[in-house]
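Asker: Now for the letters of each chain:
There are 2 protein chains.
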Amino acid sequence: MRILGISGSLRRESHNTRLLRGAGSLLPDGAELEMFDQLGAIPPFNEDEEQQTPPAVAALNAAIAGADAVLVATPEYNASIPGVLKNALDWVSRPVQSTPLLGKPAAVIGASTSLFGAVWAQAETRKVLSTIGARVVDREIPIPQAEEALGPDGLPLDDDARELIEATLTELIELAQRERATA
Amino acid sequence: MRILGISGSLRRESHNTRLLRGAGSLLPDGAELEMFDQLGAIPPFNEDEEQQTPPAVAALNAAIAGADAVLVATPEYNASIPGVLKNALDWVSRPVQSTPLLGKPAAVIGASTSLFGAVWAQAETRKVLSTIGARVVDREIPIPQAEEALGPDGLPLDDDARELIEATLTELIELAQRERATA
Chain A
3 MRILGISGSL RRESHNTRLL RGAGSLLPDG AELEMFDQLG AIPPFNEDEE
53 QQTPPAVAAL NAAIAGADAV LVATPEYNAS IPGVLKNALD WVSRPVQSTP
103 LLGKPAAVIG ASTSLFGAVW AQAETRKVLS TIGARVVDRE IPIPQAEEAL
153 GPDGLPLDDD ARELIEATLT ELIELAQRER ATA
Chain B
3 MRILGISGSL RRESHNTRLL RGAGSLLPDG AELEMFDQLG AIPPFNEDEE
53 QQTPPAVAAL NAAIAGADAV LVATPEYNAS IPGVLKNALD WVSRPVQSTP
103 LLGKPAAVIG ASTSLFGAVW AQAETRKVLS TIGARVVDRE IPIPQAEEAL
153 GPDGLPLDDD ARELIEATLT ELIELAQRER ATA
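Chains as they are written, first to last, in the working numbering: chain A, 3 to 185; chain B, 3 to 185.
What the hints contain is simulated information worked out from the structure, not anything from laboratory work. Treat the hints with care, as some may be off.
What the hints assert, rightly or not - With a cut-off of at most 20 angstroms between alpha-carbon atoms, the simulated SDA-like pairs for lysine to any residue come out as follows:
{"#": "1", "chain 1": "A", "residue 1": "129", "chain 2": "A", "residue 2": "162"}
{"#": "2", "chain 1": "A", "residue 1": "129", "chain 2": "B", "residue 2": "125"}
{"#": "3", "chain 1": "B", "residue 1": "129", "chain 2": "A", "residue 2": "173"}
{"#": "4", "chain 1": "B", "residue 1": "129", "chain 2": "B", "residue 2": "96"}
{"#": "5", "chain 1": "A", "residue 1": "129", "chain 2": "A", "residue 2": "97"}
{"#": "6", "chain 1": "B", "residue 1": "129", "chain 2": "A", "residue 2": "81"}
Claimed, not checked - Which stretches of chain A does chain B cover? Using the computed rule of at least three CB atoms under 8 angstroms from a CB of chain B, they are:
{"#": "7", "stretch": "41-47"}
{"#": "8", "stretch": "57-70"}
{"#": "9", "stretch": "150-156"}
{"#": "10", "stretch": "162-172"}
Cβ coordinates follow ideal geometry from the N, Cα and C atoms, glycine included.
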């Protein structure tokens with residue numbers, strides 16, 4: 003079982019990249035997290051260039067197609083999804099009939115340094131993924147005040163938050179197993 | 003009175019770029035539309051690079067600072083704001099204390115080839131602009147089925163839609179005049 007991790011932040015010391023790795027450490031035996039690390043190389047989406055897929059977009063398409071499920075960790079910029087993350091999803095969504103996200107199990111988690119834990123960004127990301135055709139786990143994991151909330155392993159110090167992440171991963175894996183069984 | 007026009011689509015024959023020019027032709031004497039044409043040159047936002055403003059971001063900051071108001075025309079990608087447009091706004095929003103959008107009058111219009119006229123993208127763009135601190139005109143101009151809806155001059159063939167654009171521009175200019183008077 004391969005889970006593709008996508009962090010919506012390009013910052014080197016990103017809380018969300020750390021959170022994603024932390025979540026990866028909670029995966030059961032037989033499941034592993036692979037990080038997509040070329041988000042910053044994806045150019046601005048331009049419909050005129052839709053026919054010539056840029057290399058980083060081709061890499062993202064292939065990584066999603068090769069994964070059983072996708073796990074996104076997103077920060078929140080200006081009460082919404084980061085432009086960088088949305089731009090990547092805009093590319094991947096085309097052409098709509100053959101996007102690798104079609105029917106793909108996906109879940110969204112997120113951390114922010116504010117008091118709200120990136121809930122708007124997570125909600126918008128779930129909406130966008132659903133619109134593209136992914137099968138999205140209906141859970142939200144708000145991690146506010148990320149600087150204090152996350153331990154050195156990238157996992158929330160708070161037990162409840164950690165359990166929420168485990169529950170989300172469990173649902174994501176169940177979805178992926180069901181997809182596999184019916185494929 | 004200078005209105006900065008920002009199209010959320012990079013496509014050469016973009017309906018939204020045409021719509022923006024059409025709206026510009028409706029401006030009263032003494033007000034003119036200037037188009038920002040470097041959106042495609044804005045790199046992915048990365049907090050690590052926030053201190054070294056990229057040239058296209060500096061150009062956008064200067065264009066907004068030099069304008070009395072901002073008029074955004076946005077398509078809708080995957081039921082939300084285009085990543086390209088959001089990424090530009092993410093850059094412009096930093097640092098939060100000195101963004102040129104603070105207190106800046108702004109309005110959002112939009113066209114899509116679907117039946118819904120980019121209403122979700124417009125709503126998200128208004129939310130994002132408000133969050134950054136702009137003074138946003140509370141109006142929505144949905145232009146569905148843009149291919150048939152817009153004339154060669156970029157204006158809606160439908161009189162009601164054209165009147166909605168005029169009403170929006172009037173409100174935007176009033177806001178800008180009030181800002182000027184109190185500045």
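Asker: Decide, hint by hint, whether the structure agrees.
Answerer: Cross-check of the supplied hints:
no. : hint           : verdict
1   : A:129 to A:162 : violated (25 angstroms)
2   : A:129 to B:125 : holds (14 angstroms)
3   : B:129 to A:173 : violated (31 angstroms)
4   : B:129 to B:96  : holds (17 angstroms)
5   : A:129 to A:97  : holds (18 angstroms)
6   : B:129 to A:81  : holds (8 angstroms)
7   : 41-47          : holds (count 5)
8   : 57-70          : violated (count 0)
9   : 150-156        : violated (count 0)
10  : 162-172        : violated (count 0)
When the structure is compared with the earlier hints, violations turn up for hints 1, 3, 8, 9 and 10 and for no others.
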